[in-house]
Amino acid sequence: MSVTIRDIAQATGLSIGTVSRALKNQSGLTEATRVRVSKVARELGYDFGNLKQGRIRRIVFLLHRQHNTLSSSPFFSPVLHGAEEACRREGIALSFVAIGPSEPVMEQIRLHQPDAILCAGFFEPELLQALLHTSKPIVLVDMRLRGYTSINPDNRLGGFLATRHLIQTGRKRIAMISGSLAHFSIQERARGFRQALYESKTLADPSLEVSIPDPSDIEGGVREAMRELLSLSRPPDAVFCYNDSAALAALHYCLDLGMKVPHDIAIVGFDDISAAAKSIPPLSSIRVNKEALGATGVDLLIRKQADDIVEKTLAVELIVRESSCDD
Numbered sequence: 001m002s003v004t005i006r007d008i009a010q011a012t013g014l015s016i017g018t019v020s021r022a023l024k025n026q027s028g029l030t031e032a033t034r035v036r037v038s039k040v041a042r043e044l045g046y047d048f049g050n051l052k053q054g055r056i057r058r059i060v061f062l063l064h065r066q067h068n069t070l071s072s073s074p075f076f077s078p079v080l081h082g083a084e085e086a087c088r089r090e091g092i093a094l095s096f097v098a099i100g101p102s103e104p105v106m107e108q109i110r111l112h113q114p115d116a117i118l119c120a121g122f123f124e125p126e127l128l129q130a131l132l133h134t135s136k137p138i139v140l141v142d143m144r145l146r147g148y149t150s151i152n153p154d155n156r157l158g159g160f161l162a163t164r165h166l167i168q169t170g171r172k173r174i175a176m177i178s179g180s181l182a183h184f185s186i187q188e189r190a191r192g193f194r195q196a197l198y199e200s201k202t203l204a205d206p207s208l209e210v211s212i213p214d215p216s217d218i219e220g221g222v223r224e225a226m227r228e229l230l231s232l233s234r235p236p237d238a239v240f241c242y243n244d245s246a247a248l249a250a251l252h253y254c255l256d257l258g259m260k261v262p263h264d265i266a267i268v269g270f271d272d273i274s275a276a277a278k279s280i281p282p283l284s285s286i287r288v289n290k291e292a293l294g295a296t297g298v299d300l301l302i303r304k305q306a307d308d309i310v311e312k313t314l315a316v317e318l319i320v321r322e323s324s325c326d327d
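For reference, each letter of the sequence shown is one residue, going 1 to 327 in the UniProt record's numbering.
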């Protein structure tokens, strides 16, 4: 027998109306009541698909505050634009909210009253778990976590293509500058980097892999990383950076030292933001269709069935420019 709202009301000692409002994340209840009802509903095995999900009319685009920075905006702004265009075609209103782990995300969700949630970039699992209590459709963009529908660029292939390109141009000491490996996308790019080294029978050197500790200060982190790499007894002759903001910072650091790029050191980034082609020299990068990421996220929210878990991957492309090859 399927569990009903009446069963949850009896188990919690609350009224049927209160339980119904809590499950639909409607206003007028305390957070403790919502969490309690949601917890009991899951323990009893309530089918959240029973909550009649009408046509999606409003979506909230959630961005982690750590991505709401000048260095991240060249990537996430086009993602948001792609989501906006898709919503406009479908007659859906889109709200943008930047949120941090210590902020009251549920208050923001109730304020905007969305029918579905698009989460862009990295989010702590605890924050995503809180969003589950809304019982609204959720799609992750540029992040993957078991149990969630998601859309991601082919990060591992991108890391592989970038590194293989550097190997094929004759580079012997290839470094990688990465961000936190807690981020799915960065973790996958690092795996692609190592896979290319392995397939070329190049021994991975741990001293050539440097991580930036603070994503809000990419420029400072890259300067410190490049200082560390170039002070090695055998410094790198190429660097693969986890995104273009880091790659451009590395490029400027090397040029300021009087190094010739790519003669002395080749540099490849990831994402192919607009600044990549405009830099001097122009930056080689892995092109990601950022607008398609946002649009596909919206499409997944509209089309997916309540209990379906879909994991989609978008193709990426290596764009070779003068920072890695001056032939």
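One should not assume that every hint holds.
Claimed, not checked - What follows is a list of derived Cβ distance ranges for each label pair:
(1) SER231 to GLU90: 52 to 60 angstroms
(2) GLN129 to ARG234: 27 to 35 angstroms
(3) SER231 to LEU132: 32 to 40 angstroms
(4) GLU228 to THR33: 34 to 42 angstroms
(5) SER216 to GLY45: 41 to 49 angstroms
(6) THR202 to THR69: 19 to 27 angstroms
(7) GLY17 to ARG223: 55 to 63 angstroms
(8) VAL35 to THR313: 31 to 39 angstroms
Said to hold, decoys possible - Restricting the straight-line Cα-Cα distance to at most 30 angstroms, the calculated cross-link-like pairs of lysine-lysine (DSS-like) are:
(9) LYS304 to LYS260
(10) LYS201 to LYS278
(11) LYS278 to LYS304
(12) LYS172 to LYS278
(13) LYS260 to LYS172
(14) LYS39 to LYS304
Calculated directly from the structure, the hints in this document are not laboratory data. Note that this is a predicted model, so its numbers are computed, not measured. For each residue, glycine too, the CB sits at the ideal point set by N, CA and C.
Taking the hints in turn, this is what the structure says about them:
1. SER231 to GLU90: 52 to 60 angstroms: For SER231 and GLU90 the Cβ distance comes to about 54 angstroms; the hint holds.
2. GLN129 to ARG234: 27 to 35 angstroms: violated, 45 angstroms
3. SER231 to LEU132: 32 to 40 angstroms: Hint violated: Cβ distance 47 angstroms, outside 32 to 40 angstroms.
4. GLU228 to THR33: 34 to 42 angstroms: Distance hint for GLU228, THR33 is violated at roughly 52 angstroms.
5. SER216 to GLY45: 41 to 49 angstroms: holds, 42 angstroms
6. THR202 to THR69: 19 to 27 angstroms: violated, 34 angstroms
7. GLY17 to ARG223: 55 to 63 angstroms: 59 angstroms Cβ-Cβ, so the 55 to 63 angstroms window holds.
8. VAL35 to THR313: 31 to 39 angstroms: holds, 34 angstroms
9. LYS304 to LYS260: violated, 51 angstroms
10. LYS201 to LYS278: violated, 35 angstroms
11. LYS278 to LYS304: violated, 39 angstroms
12. LYS172 to LYS278: Holds, because 28 angstroms separates the two Cα atoms, which is no more than 30 angstroms.
13. LYS260 to LYS172: holds, 17 angstroms
14. LYS39 to LYS304: Holds: LYS39 and LYS304 sit about 24 angstroms apart, inside 30 angstroms.
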